[in-house]
Amino acid sequence: MRLFLTGARMQLWLVRRQPDDLLTLCTIPFTVLMLMSIVVHSGRTDLLANAFLAPVLIGLWGFATGLAAEVLLTERWTRSLELGLAAPTSLHPVYLGRVAAVLVLGVVPLLETWVLGRLVFGVTPTLHHPGVFWAAVGASLFAMAGTGLLLAAFMLVNDNGHYQNFLSFPVYVLSGVMVPVEYLPDFLQPLSHAVFLSWSADLMRDALAPAPVAAVWWRLAVIFALGAVALVGGRLSLELTLRRARAEGSVAYA
Amino acid sequence: MGVRVREVGRTYRKGRRKNEEVVALDGLSLDVPSNEVHGLLGPNGAGKTTLCKILSTVLLPTSGTAEVFGLDVVARADDVRRQIGIVFGGERGLYWKLTARQTLRYWAALYKIPDARAKGRVDELLERLGLAEKADDLVETYSRGMKQRLHLARGLIGDPRLILLDEPTTGMDPVAAHDFRGLIGELRAEGRTILITTHDMDEAESVCDRVTLIDKGRVLATETPRGLAEMSGLQQWVEAETSVDVDGLPGVVGTERRDGVLRVRVVDAAAARVVIDFLLDRGVRSVRAVPPRLEDVYLDLVGRRGMGV
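These protein sequences, in sequence, are chains A and B.
Numbering of the first sequence is given in this note's numbering, commencing with residue 1 and proceeding in unit increments.
Numbering of the second sequence is given in this note's numbering, commencing with residue 1 and proceeding in unit increments.
These are calculated hints, taken from the structure and not from any lab test.
Here the structure is a predicted model, which is why all the values come from computation and not from measurement.
Be a bit skeptical, because a hint or two may be false.
Said to hold, decoys possible - With a cut-off of at most 20 Å between alpha-carbon atoms, the simulated SDA-like pairs for lysine to any residue come out as follows: (1) B/18 x A/9; (2) B/97 x A/12; (3) B/112 x A/9; (4) B/119 x A/2; (5) B/97 x A/243.
To be verified - Non-contacting residues of chain B with respect to chain A, defined by C-beta distances greater than 10 Å in every case (computed): (6) 58; (7) 72; (8) 205.
A virtual CB, placed ideally from N, CA and C, is assigned to each residue, including glycine.
Taking the hints into account, I'd like the entire structure generated from these sequences.
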C-alpha cells in the first residue's frame, strides 16, 4: 500500500507541474456541447443521460489511454525505468498508484458536464439513485485503473501512439457510451459485455432514471470483476514485459 | 570480493528480423575487491555500460556469471539490488518536474526506507551533496553539476555498498567535475566499492585504485593507472622549457612542442637520462622525465579509435 501511495503522490506532483497533460479535459466541453445540442434540439430528452454520460466516460477513457498508459513509456524514454528495475522493490504497485492518481482526475469531466449542461442548455439530469451512481463511478475508476495498468504494459511492448488511438474507438462503440448498445448490430452486442465501460454506462444511466435499478450488486460486481481481470492481466503483462526487456536488453532505449 | 565477473557474455539481436547478432561482452572476467575504486575504460561500444547493467540486474547475461558481494546477479537479483546504487551521467533518469527533495523521497520509498527514517536520510543527503538550499526547486532549474549531485544523492539513498557510476562527469564543467571526484574519495573512505565507467583518462588516473581497459567486450588489461603505464612498454617523455635541439641524441624517437614546452619521446629511462643531462649541461633548469600517461596507454591499446562506435 505504501508503494501504491508513493506512486500516486509522485504522479500528482508531476501532473500539477505539467498542466499540458490535462489538455484532454479541455476537449470535454466540446463533446458536451455537440451531444447536448443534438439531444435538446431533436426533443429526445430520453437520451439526455446518454449525452451527459458519454463525455464523462470518454474523458475517463481518454485519461486511461493517454496519460496513464504513457507513464511507463515516459519512464523508459527517460531511463527512470532502468533505475526503478534496479531498486529492491516491486514496481507494479508504484505504477498502479501512478495510473490511479491520473484517473482520479478523470472525474473532472463529470463536473464539467454538469456545469455546461446547466449554463448552456439549462438542463441537468436528475440523480434519482445517487448511491448507485457514485458506487458505479467508484467501481469504474477501479476497473479503469486495472485497464490503465494493462494498457501501460501493452504500450511498453508496442510503444506507438497509433495503437493507443486505435483502441479508443472500438471501445467507445462497444461500451455504448456514444450509442446505446441495443442500437448496434446483433452480432456486436455480446462483445460489449466484455467491456467494463458498457456495464458502467448502463448502471449510471439507470441511476439517472426514476425507475428502480435492477441487480445493482451483480452489475457492480461485474464491473469490479472485469477491472480485477484487467488488473491481474496488467500485473502479469507488466511482469512478463519487464522480464523480457531484461533478457533482450530493451529496458531503455540505446 | 566486491564484484566477481566470470566469462560473462552478452549478445543482442538486431535488425528487422532480429537475425543480426551483436556481441557486447565476449567472455569478460573481472575482479573488483571491496572498497576499491575501479575504473572501466574503453571506447564507445566497448561493453562498459552493458557490464554495469548486468551488475545492476537490469540486464541478463547471455553466458557466464557475475556476483556482487558473493550474490549472483541473476539468481539473487533482489538481494543484489539492496547492495547497489546506480548513478547515470548527464540528465537521464531524473524527473524534471519534481524537486530534489521530492525525487529523493520517491526513491527512498522504492528503497524501502521507512517514512520515519526517510525524511532524515533525504535531509542528510541534500546537505551532504550541497543541494539543501535548492532542495525545493524544480530539477529542471538545476545546473548540470547540481543534477549530477542529485543523481549521486539518489544513488546513495539506499546506503549501497557498491556504487556503479556510468560516466558520471559527462558534460560537467571542470570545477564541478573536480568536486565530484572529491565526493568519490569520500565514498571510498566510507568503505564503499565504486565501479566507474569513464572516457576521461585524467579522471580515471586521479580517482581509481585500478582500471580495466575494455575493448570489443573483452578485457585488455587490469592494473593501477601507474602500473598500466609502466607495463605498457611505451616510451617515456622528457619535458623541458627550452628551444635547444635534441633530435640527434641517442634514444630519441621524436620531439614535439606544445605551449612552449619541448616534449622529447625516448626509448627508455637510460635515454631519458642522456637527454636530461644534455639539457642541464646547456643551462636548462626546467627539465623532467614523464612516464607515459594513462591516455597514451589507452590510445596505444585501443588503437586510437576512441571516436568509433
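Earlier hints that do not hold, by number: 1, 5 and 6
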